[in-house]
Each structure stands twice: as structure tokens, then as C-alpha cells.
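Position 76 (the sequence shown) corresponds to 76 in the working numbering; numbering is contiguous.
Calculated directly from the structure, the hints in this document are not laboratory data. The C-beta atom is built at its ideal place from N, Cα and C for all residues, glycine as well. Some clues are possibly wrong.
[To be verified] Label-pair restraints from in silico Cβ distances:
#, residue 1, residue 2, range
1, 62, 6, 42 to 48 angstroms
2, 39, 72, 39 to 45 angstroms
3, 4, 63, 18 to 24 angstroms
4, 8, 53, 21 to 27 angstroms
5, 46, 66, 22 to 28 angstroms
6, 28, 4, 35 to 41 angstroms
7, 33, 67, 51 to 57 angstroms
8, 24, 72, 17 to 23 angstroms
9, 78, 19, 32 to 38 angstroms
10, 27, 77, 40 to 46 angstroms
11, 49, 10, 19 to 25 angstroms
12, 75, 40, 43 to 49 angstroms
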Amino acid sequence: MKGKPWVWILYITLFYYLVSIFYVEVSMYHLLPPDQGGMSFWMKFGFVWKNSISFYGIMILLISFFLYLVFLYKRKQQTY
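Start from the sequences and build out the full structure, keeping to the hints where you can.
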């Protein structure tokens, strides 16, 4: 299963970028005191994941990466 290097670099770069943005979103409220809207990390994670564009970006990226791997695998099978 060999793909073009730019595709791998693009996927890895986007994945790290989206994960870091999501981590920043979740951890911002963890740092605030409770009277300013802060809450524990896991409570905030449960609240943020469904309202976060970066979380859905991560999911779309993982699904598209999986489909890319399936495409590479099927293309490899057709050549034999």
C-alpha cells in the first residue's frame, strides 16, 4: 500500500492541526475558575465535542483517510 507522499503529509498535518485546536478548545475552560464558566476537563470535553468544528473536522479527516486506504488496497488488488 503505497500512496503519494503529499497525501500522507497533508493528512498528518491536518490531523495534528485539528487535534491541537480541539485540545485548546477543551482546555480553555479547564483553566478558568468555576465562577467564570470553568469546569473539569472531562465535563468540558463532553460539552465541546458536539459543538466543535475541529472535532467534526477530525472525524471527516479520519473517515476520508480510511476511504483513501481502502482505495489504495482495492487498487493494489486489481493490479495482481
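Here's how the hints hold up against the structure:
Range check, residue 62 to residue 6: about 19 angstroms between beta-carbon atoms, so the 42 to 48 angstroms window is missed. Between residue 39 and residue 72 the C-beta distance comes to about 42 angstroms, which sits within the given range of 39 to 45 angstroms. The hint said 18 to 24 angstroms for the Cβ distance between residue 4 and residue 63, and at roughly 19 angstroms that hint holds. Taken as a hint, the range 21 to 27 angstroms holds for the pair residue 8 and residue 53, whose Cβ atoms sit roughly 24 angstroms apart.
The supplied range of 22 to 28 angstroms is met by residue 46 and residue 66, whose beta-carbon atoms lie about 25 angstroms from each other. Between residue 28 and residue 4 the beta carbons are some 36 angstroms apart, a value that agrees with the proposed interval 35 to 41 angstroms. Take residue 33 and residue 67: their Cβ atoms lie about 44 angstroms apart, and the range 51 to 57 angstroms is violated. In this structure the hint that residue 24 and residue 72 lie 17 to 23 angstroms apart at CB is violated, the actual value being about 32 angstroms.
Between residue 78 and residue 19 the beta carbon distance is about 34 angstroms. The supplied range of 32 to 38 angstroms therefore holds. For residue 27 paired with residue 77, a C-beta distance near 44 angstroms keeps the hint of 40 to 46 angstroms intact. Evaluation of the 19 to 25 angstroms hint for residue 49 and residue 10 yields a pass: the beta carbon distance comes to about 24 angstroms. Distance hint for residue 75 and residue 40: a CB-CB separation of about 47 angstroms, consistent with the stated range 43 to 49 angstroms.
In summary, the numbered hints that this structure violates are 1, 7, 8.
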